[in-house]
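> Residue strings, one per chain:
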Amino acid sequence: MFWRIKNIIIAIVLAGLMLTEIAGCSNSERTVNKDNESSKPVVISLEGGDWGYPTPFSHYSRGPGVFKMTLIFDSLLERGEKGYIPWLAEKWDISKDGLEYTFTLKENVKWHDGEPMTAEDVKFSFEYFAKHPPVSNDLTVDGKSFIKSVEVVDAKTVHIKVEKPLAIILGKIGNARIIPKHIWEKVDDPRKFNTPEAVIGTGPFVLKDYRKEQGAYKYEAFKDFWGPKPKVDILQFIPVSDSVLAFDKGEIDITGITPDILSKYEGNREYKVMKNPAFWGYRLIFNMEKRAELKDKEIRKAFAYAIDKNELVEKVARKAAVPGSAGYLPVDHIWYNKGVKNYQFNIDKAKALLKGRKMSFNLLIGNSNAEIRIAELLKISLAKAGIEINVKSVDMKTRDAAVKKGNYEIVLTGHGGWGNDADLLRTMYAKEKTSNQSPSADGIPGYSNEQINELCKLQLIEMDPAKRKDIIFKLQELIAEEIPQIPLYNTTGYIVYRPYKYDGWKYMFDHHEVTHNKLSYLDVK
Amino acid sequence: MGKGLLKKASEYLITFFIIITLNFFIPRLMPGDPFTFLSSEEGQITVTYTEEQIDKYKAYYGLDKPLFVQYASYITNLFKGNLGYSIYYNDSVVRIIGKRIPWTVSIVIISIILSCLVGTILGSWSAWHRNGIPDKVIYAVMIPISEIPSFLIGILFLFILAAKQGIFPLSGGISTFAEYNNPAEKAVDIIHHAVLPVLTLSMTRLGEFYLLSRNSMVSVLSKDYIRTAKAKGLNKVRIIFRHALKNAMLPIVTRVFLSLGAIFGGAILVENVFSYPGLGRLMREAVMVRDYVLIQGIFIFMAVMVLTMNLLADILYVKLDPRVS
Numbered sequence: 010m011f012w013r014i015k016n017i018i019i020a021i022v023l024a025g026l027m028l029t030e031i032a033g034c035s036n037s038e039r040t041v042n043k044d045n046e047s048s049k050p051v052v053i054s055l056e057g058g059d060w061g062y063p064t065p066f067s068h069y070s071r072g073p074g075v076f077k078m079t080l081i082f083d084s085l086l087e088r089g090e091k092g093y094i095p096w097l098a099e100k101w102d103i104s105k106d107g108l109e110y111t112f113t114l115k116e117n118v119k120w121h122d123g124e125p126m127t128a129e130d131v132k133f134s135f136e137y138f139a140k141h142p143p144v145s146n147d148l149t150v151d152g153k154s155f156i157k158s159v160e161v162v163d164a165k166t167v168h169i170k171v172e173k174p175l176a177i178i179l180g181k182i183g184n185a186r187i188i189p190k191h192i193w194e195k196v197d198d199p200r201k202f203n204t205p206e207a208v209i210g211t212g213p214f215v216l217k218d219y220r221k222e223q224g225a226y227k228y229e230a231f232k233d234f235w236g237p238k239p240k241v242d243i244l245q246f247i248p249v250s251d252s253v254l255a256f257d258k259g260e261i262d263i264t265g266i267t268p269d270i271l272s273k274y275e276g277n278r279e280y281k282v283m284k285n286p287a288f289w290g291y292r293l294i295f296n297m298e299k300r301a302e303l304k305d306k307e308i309r310k311a312f313a314y315a316i317d318k319n320e321l322v323e324k325v326a327r328k329a330a331v332p333g334s335a336g337y338l339p340v341d342h343i344w345y346n347k348g349v350k351n352y353q354f355n356i357d358k359a360k361a362l363l364k365g366r367k368m369s370f371n372l373l374i375g376n377s378n379a380e381i382r383i384a385e386l387l388k389i390s391l392a393k394a395g396i397e398i399n400v401k402s403v404d405m406k407t408r409d410a411a412v413k414k415g416n417y418e419i420v421l422t423g424h425g426g427w428g429n430d431a432d433l434l435r436t437m438y439a440k441e442k443t444s445n446q447s448p449s450a451d452g453i454p455g456y457s458n459e460q461i462n463e464l465c466k467l468q469l470i471e472m473d474p475a476k477r478k479d480i481i482f483k484l485q486e487l488i489a490e491e492i493p494q495i496p497l498y499n500t501t502g503y504i505v506y507r508p509y510k511y512d513g514w515k516y517m518f519d520h521h522e523v524t525h526n527k528l529s530y531l532d533v534k
Numbered sequence: 010m011g012k013g014l015l016k017k018a019s020e021y022l023i024t025f026f027i028i029i030t031l032n033f034f035i036p037r038l039m040p041g042d043p044f045t046f047l048s049s050e051e052g053q054i055t056v057t058y059t060e061e062q063i064d065k066y067k068a069y070y071g072l073d074k075p076l077f078v079q080y081a082s083y084i085t086n087l088f089k090g091n092l093g094y095s096i097y098y099n100d101s102v103v104r105i106i107g108k109r110i111p112w113t114v115s116i117v118i119i120s121i122i123l124s125c126l127v128g129t130i131l132g133s134w135s136a137w138h139r140n141g142i143p144d145k146v147i148y149a150v151m152i153p154i155s156e157i158p159s160f161l162i163g164i165l166f167l168f169i170l171a172a173k174q175g176i177f178p179l180s181g182g183i184s185t186f187a188e189y190n191n192p193a194e195k196a197v198d199i200i201h202h203a204v205l206p207v208l209t210l211s212m213t214r215l216g217e218f219y220l221l222s223r224n225s226m227v228s229v230l231s232k233d234y235i236r237t238a239k240a241k242g243l244n245k246v247r248i249i250f251r252h253a254l255k256n257a258m259l260p261i262v263t264r265v266f267l268s269l270g271a272i273f274g275g276a277i278l279v280e281n282v283f284s285y286p287g288l289g290r291l292m293r294e295a296v297m298v299r300d301y302v303l304i305q306g307i308f309i310f311m312a313v314m315v316l317t318m319n320l321l322a323d324i325l326y327v328k329l330d331p332r333v334s
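In the order they appear, the protein sequences are chains Z and L. The numbering of the first sequence is this note's numbering, which starts it at 10 and goes up by one. The numbering of the second sequence is this note's numbering, which starts it at 10 and goes up by one.
Incorrect hints may have been included.
Below, computed lysine-lysine pairings styled on DSSO-like, alpha-carbon distance capped at 30 Å [claimed, not checked]:
no. : chain 1 : residue 1 : chain 2 : residue 2
1   : L       : LYS67     : Z       : LYS414
2   : Z       : LYS132    : L       : LYS67
3   : L       : LYS173    : Z       : LYS510
4   : L       : LYS173    : Z       : LYS140
5   : L       : LYS65     : Z       : LYS181
6   : L       : LYS65     : Z       : LYS153
7   : L       : LYS74     : Z       : LYS153
8   : L       : LYS67     : Z       : LYS195
9   : L       : LYS65     : Z       : LYS414
10  : Z       : LYS173    : L       : LYS65
11  : L       : LYS67     : Z       : LYS284
12  : Z       : LYS413    : L       : LYS74
13  : L       : LYS67     : Z       : LYS440
14  : Z       : LYS414    : L       : LYS74
15  : L       : LYS74     : Z       : LYS273
16  : Z       : LYS170    : L       : LYS65
17  : Z       : LYS153    : L       : LYS67
18  : L       : LYS67     : Z       : LYS140
Hint data in this document are derived by calculation from the structure and do not stem from the laboratory.
All chains should be built: construct the whole structure from the sequences, respecting the hints.
This is the structure in structure tokens:
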């Protein structure tokens with residue numbers, strides 16, 4: 010009898026070994042890099058993770074998948090350190106009425122398969138996106154396409170007519186990816202199109218290998234890239250269990266670090282530490298539909314005075330953050346107005362505003378450590394002013410669903426994108442009945458302010474950037490005074506890298522991650 | 010016998026049907042949907058879809074249809090062997106799971122075998138020396154080990170053996186983009202990567218097998234035929250492993266099969282610690298993003314595995330124990 014069990018065990022062991030071997034075989038597609046051996050190729054390794062096949066249609070909506078896609082696919086404009094810079098379009102012209110855009114394309118731009126890129130590809134891309142929206146869809150405002158027509162004037166000139174003259178259109182058109190007509194015109198279901206052809210772009214990097222289950226990507230510099238010379242020959246994303254351990258062992262070349270281990274790298278010549286711009290943040294949203302008393306500005310101000318943002322920055326973010334601006338746009342935003350009302354922590358003021366009223370609210374939060382800590386600190390300081398807070402912690406998706414349905418009294422939520430075009434103030438604070446916006450952009454439930462709505466509308470159609478900036482500044486002041494929601498803090502986070510290995514890291518003007526920036530890998534000044 | 014078999018078969022069928030039904034409804038009853046991303050983890054970014062985009066995707070994946078219509082098509086597809094197309098991962102569920110199964114299944118099976126073998130040997134040894142020094146020492150070590158959560162053990166291994174000593178790799182199931190000269194080299198690389206996850210998983214199960222075999226052994230060792238064997242002057246190892254273990258095996262073997270579900274659960278945590286490319290990590294992610302189709306696929310696979318093991322245990326039990334018919 011015993012031998013039978015033994016046989017079974019042996020069979021199982023063999024099966025196990027066989028499976029391992031199968032796993033090995035499925036990974037046998039490998040690429041060989043035979044570049045010029047004379048100069049050692051620059052290989053940069055970054056933290057991996059599966060973020061989808063990097064086409065405009067199949068990268069994942071969460072996470073940095075979109076930036077893995079933009080390494081391959083170029084756009085008409087690119088996001089530089091100060092603002093948009095010419096990219097596939099070397100110049101452009103906007104008609105006086107703001108309804109017509111003419112782009113002149115760079116010459117000698119080649120797709121990764123050697124075909125030339127022309128104005129036809131641009132026209133095709135815009136029309137294709139209208140039929141099949143990509144994951145990250147730039148060609149809409151409030152969920153509606155704004156492109157009226159795209160005409161090819163000649164091989165290097167495109168003429169685009171838009172529905173309405175809006176200030177944000179140039180950035181949106183400029184950010185849309187250009188895909189090759191000769192490949193995609195045959196594709197009816199772009200979400201399922203995941204052959205090697207699907208990752209042919211004009212960008213500086215060519216996808217050489219992608220391993221979904223391991224979360225690994227390998228890119229190689231494109232030899233015939235039209236633009237600035239790539240400084241990195243091979244860019245790879247590899248699986249990492251703990252990014253700091255992996256960085257210390259030299260497996261990856263850059264990592265984010267918490268302030269607690271900052272001292273290990275700071276002041277050490279081997280490393281360089283950078284502080285990210287504050288474009289990721291937490292905010293408290295008031296639901297004035299559920300709790301009508303929050304329509305009272307005095308009560309909202311009482312909240313603002315009773316919250317010690319500096320304490321949150323110090324205790325929760327361990328100083329790797331900046332207190333939120335009551336005018337929403339964070340301090341690093343190109344149009345941040347530093348003159349907005351600042352609610353310095355002051356319990357007495359909060360009490361005075363509440364006039365002895367005692368209140369109780371439910372606060373919905375996610376389940377991350379930071380959120381739980383924030384909520385506990387809020388609870389303590391608000392209690393001092395006479396506002397009782399009941400905290401309910403749920404998982405992220407549950408919280409998002411509640412936000413979408415307006416099923417909360419006060420919610421704590423965190424997200425990126427605080428560096429985006431200032432039009433985000435409109436989607437955030439203005440009430441427009443007819444809109445079919447993204448669900449987060451339904452404004453603040455139950456809140457509407459004529460003046461804010463008006464300014465939001467104005468800035469959207471103001472084509473003169475200087476005048477528009479004035480409006481945005483005014484808008485921030487108004488928002489700070491009204492305080493319909495409370496930005497708590499914006500994280501800055503630190504990154505560390507070894508400059509002798511690679512020192513090209515740069516930020517985009519509106520984004521907080523250097524590794525997401527295509528220009529970080531190119532020879533641009 | 011035939012009647013009993015029929016009864017067993019129908020029992021399994023009903024269980025399976027209940028599982029696939031729960032599989033369909035539970036993910037859909039969770040708050041949230043696969044397309045609404047309004048927030049992100051700290052420092053992370055996310056694309057927020059417009060309502061129009063969400064409607065489009067819902068129609069594309071058939072999620073706009075009434076629930077019972079979706080359920081009907083899920084069942085019919087299932088019987089055709091079609092597990093569907095993942096909403097979040099943009100790939101066929103069979104392909105996604107297929108690529109990860111070998112990784113998880115091999116570490117799980119090897120861990121079970123290891124923990125069972127080592128646990129049984131230690132348990133038998135302990136039982137023989139019951140209340141003696143070796144027993145007390147092993148017992149005192151085993152109890153805490155079996156209670157430490159697997160991810161803690163994993164992190165400990167990661168820090169000491171991988172980060173500090175550098176004996177094992179930090180993460181992954183295979184060296185990324187490595188080039189091998191021959192299959193043996195590759196196998197070594199895979200095994201090298203699997204050591205820490207396997208060790209961690211085995212540690213978490215070790216205590217269970219140890220205690221079980223110790224108990225089982227203690228009762229067997231008090232039997233008359235063991236006294237006879239001792240009296241015959243047979244050596245210790247021979248008595249333990251030939252005479253006693255054979256009879257003490259029964260509950261251990263059953264436990265091997267029944268602990269499979271639990272060890273798969275442990276694998277989720279361990280794979281996350283080591284960034285191992287298996288099913289566990291995928292499952293966590295799938296639940297987090299509410300990828301209904303993928304969640305269903307993974308749980309069906311797990312259910313089939315566990316049911317099969319149960320069935321095997323049932324069959325084996327009959328073979329091993331002459332008293333059961």
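> Take the hints in turn and mark each one as holding or not.
Going down the list of hints, with the structure as the test:
1. Among the hinted pairs, LYS67 (chain L) with LYS414 (chain Z) is consistent with the structure: their alpha-carbon atoms are about 17 Å apart, no more than 30 Å.
2. Under the criterion of a C-alpha separation no larger than 30 Å, the hint pairing LYS132 (chain Z) with LYS67 (chain L) is consistent with the structure, at around 28 Å.
3. The suggested pairing of LYS173 (chain L) with LYS510 (chain Z) holds, with an alpha-carbon distance near 23 Å, which does not exceed 30 Å.
4. Proximity of LYS173 (chain L) to LYS140 (chain Z) is assessed by CA-CA distance (about 54 Å); at most 30 Å being required, the pair is judged violated.
5. Only pairs whose Cα atoms come within 30 Å are accepted, and LYS65 (chain L) paired with LYS181 (chain Z) is accepted, the gap being roughly 21 Å.
6. Between LYS65 (chain L) and LYS153 (chain Z), the direct Cα distance comes to roughly 13 Å. Compliance with the 30 Å bound is thereby established for this hinted pair.
7. Distance check on the hinted pair: LYS74 (chain L) and LYS153 (chain Z) sit about 24 Å apart at the alpha-carbon level, within 30 Å; holds.
8. A threshold of 30 Å between alpha carbons decides the hint, and for LYS67 (chain L) with LYS195 (chain Z) the separation of about 24 Å falls inside it, so the pair holds.
9. About 19 Å separates the Cα atoms of LYS65 (chain L) and LYS414 (chain Z), which keeps this hinted pair within 30 Å; it holds.
10. Only pairs whose Cα atoms come within 30 Å are accepted, and LYS173 (chain Z) paired with LYS65 (chain L) is accepted, the gap being roughly 24 Å.
11. Restraint check for LYS67 (chain L) and LYS284 (chain Z): not satisfied, since their Cα atoms lie roughly 40 Å apart, outside the 30 Å limit.
12. A hinted pair counts as satisfied when its Cα atoms are at most 30 Å apart, and LYS413 (chain Z) with LYS74 (chain L) qualifies at roughly 21 Å.
13. A C-alpha spacing of about 26 Å is found between LYS67 (chain L) and LYS440 (chain Z), which places the hinted pair at or below 30 Å, so the restraint holds.
14. At most 30 Å may separate the alpha-carbon atoms for a hinted pair to count; LYS414 (chain Z) and LYS74 (chain L) meet this at roughly 20 Å.
15. In summary, the hint linking LYS74 (chain L) to LYS273 (chain Z) is not supported, as the alpha carbons are separated by about 56 Å, beyond the 30 Å threshold.
16. With a CA separation close to 25 Å, the supplied pair LYS170 (chain Z) and LYS65 (chain L) stays within the 30 Å bound.
17. A distance of roughly 18 Å separates the Cα atoms of LYS153 (chain Z) and LYS67 (chain L); the hinted pair therefore holds under the 30 Å criterion.
18. The straight-line distance between the Cα atoms of LYS67 (chain L) and LYS140 (chain Z) is roughly 16 Å, inside the 30 Å bound, and the hint therefore holds.
Checked against the numbered hints given earlier, this structure breaks hints 4, 11 and 15; the rest are met.
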